[in-house]
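Visitor: Sequence:
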Amino acid sequence: MNREELAGFLRSRRARLAPREAGLPEGGRRRTPGLRRQEVAQLAGMSIDYYIRLEQARGPHPSRQVLNALARALMLNTDERAHLFHLAGQPLEATRRRGDVPEGTLHLIAFLEEVPAYVLDAKYDILAWNPMASALMGDLDSHPRDDLNVIRWVFRSPELAEHLSDEEKGRFARASVADLRWAAGRYPGDPEIQALVAEMLACSPHFAALWDEHEVAVRREQRKCIHHSAVGTIDAICQVLPVPDRDDLRLVIYTTEPGSPSHQALRRLRQVTLSS
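For the sequence shown, my numbering puts the final residue at 276, and the numbers step up evenly by one.
Honestly, the hints are just simulated from the structure, not real lab data.
Keep in mind that this is a model prediction, so the values were computed, not measured.
Among the hints, a few may not be true.
Said to hold, decoys possible - Listed next, with one range per pair, are the computed distances between beta-carbon atoms:
no. : residue 1 : residue 2 : range
1   : LYS169    : ARG31     : 32 to 38 Å
2   : ILE52     : ASP247    : 33 to 39 Å
3   : ALA195    : LEU241    : 24 to 30 Å
4   : ARG97     : PRO205    : 32 to 38 Å
5   : ASP49     : GLU257    : 54 to 60 Å
6   : LEU274    : ASP247    : 34 to 40 Å
7   : ARG20     : ASN68     : 20 to 26 Å
8   : ALA57     : ASP247    : 24 to 30 Å
9   : PRO19     : ALA57     : 22 to 28 Å
10  : ASP139    : ARG58     : 50 to 56 Å
11  : SER142    : LYS169    : 18 to 24 Å
12  : PRO258    : GLN38     : 54 to 60 Å
13  : THR32     : ASP100    : 45 to 51 Å
14  : HIS61     : LYS169    : 38 to 44 Å
Cβ coordinates follow ideal geometry from the N, Cα and C atoms, glycine included.
Turn these sequences into a full structure, and let the hints steer you where they fit.
Guide: So, in structure tokens, the structure goes:
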């Protein structure tokens, strides 16, 4: 059980929830935003002293019943509820598996000849990719293996600004941090994830500010507007799919609307990969 992280998560979720959203009266002026501790305890059906101890990182190990009550009281979504359970050690900690990408997944991305596709692990290391992904993201084959981390690119690489607008980069940065926090809760004892978080907290104030917000959201489908020097603008749908039997790996595929200018741009990018 990670008491400090659990306490911070509860405080952040309480602060974002307005009384009217929880079906409570406003009750006059409030010194701080969100619900009061007493209101959360009331909604969850527990004593105020018990809840205060949880928020002060000195409470007992909460049961599944208590966690379910807190999830309802704080109106957590599916990803946030799972994160709450992971932080409290319910269910048992998952262990992130390390090793090669399954052979079937490698075959799949090789057969996806017309769309960029790559495999990402829980700490945002790119483990495998096809030629289209390399052409879109900047010659991945030339990067050292330990440099293929998307989180580091987002917060430390000025080259990313050449491909994404400031607005796009901001959205992607926020989504990536929320997803990494979910992974940190899912695999709380993973030294590689812990080391990456510590590194980014030390070197990036932007990352630290987003991390401090305790947002949690698993990355799924996302739209991106990518500016490529060779083929122009590509409006893509970024599909994030789980790899079968490997809950620590995800397959990322970029698709476009058939017949659209972005589709034609991807076809031109395909010609670039064939001629190089």
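Visitor: Please go over all the hints and tell whether each is borne out by the structure.
Guide: Here is how each hint holds up against the structure:
1. Taking the beta carbon of each, LYS169 and ARG31 are about 35 Å apart, inside 32 to 38 Å as hinted.
2. Distance hint for ILE52 and ASP247: a CB-CB separation of about 35 Å, consistent with the stated range 33 to 39 Å.
3. Checking the proposed 24 to 30 Å range against ALA195 and LEU241 shows it holds: the Cβ atoms sit about 27 Å from each other.
4. Between ARG97 and PRO205 the Cβ separation comes to about 33 Å, which falls inside the hinted range of 32 to 38 Å.
5. Here the CB-CB span from ASP49 to GLU257 is close to 56 Å, well matched to the stated 54 to 60 Å.
6. The hinted range of 34 to 40 Å is satisfied by LEU274 and ASP247, whose Cβ atoms lie roughly 35 Å apart.
7. Take ARG20 and ASN68: their Cβ atoms lie about 23 Å apart, and the range 20 to 26 Å holds.
8. Separation of ALA57 from ASP247 is about 28 Å and conforms to the stated range, judged on CB atoms against 24 to 30 Å.
9. Separated by about 25 Å at the C-beta atoms, PRO19 and ALA57 satisfy the suggested range of 22 to 28 Å.
10. Separation of ASP139 from ARG58 is about 51 Å and conforms to the stated range, judged on CB atoms against 50 to 56 Å.
11. At about 22 Å, the beta-carbon gap between SER142 and LYS169 stays in the expected band of 18 to 24 Å.
12. Hint check: PRO258 to GLN38, Cβ distance near 55 Å, so the stated range 54 to 60 Å holds.
13. The supplied range of 45 to 51 Å is met by THR32 and ASP100, whose beta-carbon atoms lie about 49 Å from each other.
14. At about 40 Å, the CB distance of HIS61 to LYS169 agrees with the hint of 38 to 44 Å.
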